[in-house]
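For chain A, the structure is supplied; the task is to place chain B on it using the hints.
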Amino acid sequence: MTKKPSYSVAFFCVILPPMIAIVVLMIIWTTVKIISQYPDYILPSPLTVTNAFWENRADILRSTWLTFLSAIGGLSLSIVVGTSVSILFCQAKWIRRGLFPLAIFLQTVPIVAVAPIVVLWLDEGMIATMFISFLVSVFPIITNSTTGLLNVDNGLFELFRLYNASRFQRLIRLQIPGAIPNFVTGLKVASGMSVLGAVVGEFFCATLANKGLGRQIFELKDQAPIMFACIFFSTMLGVAMFSVVSWISERFLLFWDEKKISHL
Amino acid sequence: MSDTFEIQIENVSKNFDDQPILGDVNFGIRKGEFLSIVGPSGCGKSTLLRMIAGLEQPTTGKIEINRKVTSRQQIAFVFQEANLLPWLNAFENVALPFRITKQAVDTNLVAETLELVGIQEQDFRKLPKQLSGGMKMRVSIARALVLRPKILLLDEPFAALDDLLRTQLDQELVKIWGRDKLTVLFVTHNISEAIFISQKVAVMQTGPGRIRQTIDIPFAIPRENQIKTTTEFAKCFATVSAALEGSARDLGKTDQAQAQNDDTGLPSNSGGASNSIGELP
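Sequence lines, in order, name chains A and B. Each residue of the first sequence is one higher than the one before, counting from 1 in the numbering used here. Each residue of the second sequence is one higher than the one before, counting from 265 in the numbering used here.
Bear in mind the hints are in silico, worked out from the structure with no lab data behind them. The model shown is predicted, which means the values in this text are computed figures rather than measured ones. C-beta atoms are modelled at their ideal positions from N, C-alpha and C, and glycine is treated no differently. Mixed in with the good hints there might be a few duds.
Unchecked claim - Distance condition first, Cα-Cα at most 30 Å in a straight line; then the derived DSS-like pairs of lysine-lysine:
hint, chain 1, residue 1, chain 2, residue 2
1, B, 414, B, 295
2, A, 188, B, 393
3, A, 259, B, 445
4, B, 499, B, 464
5, A, 259, B, 393
6, A, 93, B, 295
7, B, 414, B, 332
8, B, 445, B, 499
9, B, 332, B, 366
10, B, 390, A, 188
11, B, 414, B, 464
Stated by the list, open to error - Listing some non-contacts, in silico: residues in chain B with all C-beta distances to chain A over 12 Å:
hint, residue
12, 283
13, 371
14, 372
As the list claims (entries may be wrong) - Among the chain B residues that face chain A by a calculated CB cut under 8 Å, a handful are:
hint, residue
15, 337
16, 341
17, 345
18, 363
19, 364
20, 368
The following block holds chain A by itself, in its conformation from the complex (with noise of 0.2 Å):
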């Protein structure tokens, strides 16, 4: 086990640089806006975005958590249904050769033009968002753990072998918890995804019950400050569904990979 680095150590390494990033890119945007004298409702300023926030802080705080719960709820069905056709793939070749292509349509199909016709089949409400989000995230998990499943380790597969184990027990044993590294790598795609499926469903739903920040990016267009805020939050909620479900990934699942890779 390596050690656990300290407190300032991790500050040093993991929070200081995006700090530095970020105040790096303020400083450009600010130079950019002051040369080019753009007026507010091209290019607002920092300031005047951190204002516009301010005065509809609730409103937007609102929005973020409507957005939240259909991007959770969203991924969270494709969890489910992700790894669900994951293991129906690698059952057998055949399964796999016929449904792959309609997984790739998920994938391909352009969500834009989609999310309207799901809008007017479930509703204005969250299950539509939920399920437009869905839509977006569900394929990461599905390629990922497919190949997870079926990428086994040649010497752990024989070792099964030897001891004449059922299907079934190798599925349990061996092929699930050594797909979880590539699911983990599907996941974290998708959490992103998610966030981004929920906020272009949103555009669609007018209904005041579910008016997430894809909703109020929509209806903002010409209030600029207020729709960066908007676009700022729905960015940074996206980055916080990435790094909480990285974090409980490696810290839950992941503890006994020995190639792991951090992004955190």
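Quick look at chain B alone, frame taken from chain A:
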């Protein structure tokens, strides 16, 4: 089949993609015998072992296991790599055969077996990534022994370990063999190790693989490391080497034979064998 043999191999041959790997292998292993198989790489010694374990099927011929060995579970196999499940700790890895075969885990037996191979209690809960190469191999052997097999097959199990550790594990393996009255079949490409560890050494030849000669090793058991410096040991070494060299010469092609020599650890080059044998005539 005669009752004296635990494993009887009759006219066994094996082709891979119509390429003959083993041709007409005949021999028997007696109950409680410790037999090593040495041979140049590609002679099919691993394939032979895997066929006995049931991991491969012979193309022709048959392999008979003594009737008293009733199930596959009583034949254990140790791979070249430790092949531990990385998400299970040492204890759970050794308990795995119970779980795969849907038996209740005998925790006392698991602990006992781990201690038998020299894993201490404070290391039971360690994950494979926290264990050294030698310890992983020990856990792997414990896993093979935990269902109390009658036959133990080992496919170059210590090839990746350094000399000192290998000799130590060799000695411990011999101890376990004596204690549990196992029938052991040990594949290696290290002549010195084969002589040190076994009662009999079977030398294989290539093209296609068959048993060329079986050599009895006269030393009493248990053996100390010092026997490796005796003249007796050197004589055994010379006999086995000669058999191996002969098998390499049979190939006809000198360059290929040379390549084989490099692999088998003959006295002319380095490898585990040369340590004790370097100065001999």
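Taking the hints in turn, this is what the structure says about them:
no.: 1; hint: B:414 x B:295; verdict: 9 Å, holds
no.: 2; hint: A:188 x B:393; verdict: 24 Å, holds
no.: 3; hint: A:259 x B:445; verdict: 40 Å, violated
no.: 4; hint: B:499 x B:464; verdict: 14 Å, holds
no.: 5; hint: A:259 x B:393; verdict: 10 Å, holds
no.: 6; hint: A:93 x B:295; verdict: 44 Å, violated
no.: 7; hint: B:414 x B:332; verdict: 9 Å, holds
no.: 8; hint: B:445 x B:499; verdict: 28 Å, holds
no.: 9; hint: B:332 x B:366; verdict: 22 Å, holds
no.: 10; hint: B:390 x A:188; verdict: 28 Å, holds
no.: 11; hint: B:414 x B:464; verdict: 18 Å, holds
no.: 12; hint: 283; verdict: 20 Å, holds
no.: 13; hint: 371; verdict: 18 Å, holds
no.: 14; hint: 372; verdict: 21 Å, holds
no.: 15; hint: 337; verdict: 7 Å, holds
no.: 16; hint: 341; verdict: 5 Å, holds
no.: 17; hint: 345; verdict: 5 Å, holds
no.: 18; hint: 363; verdict: 7 Å, holds
no.: 19; hint: 364; verdict: 4 Å, holds
no.: 20; hint: 368; verdict: 15 Å, violated
Violation of the numbered hints given earlier is confined to hints 3, 6, 20; the remaining hints are satisfied by the structure.
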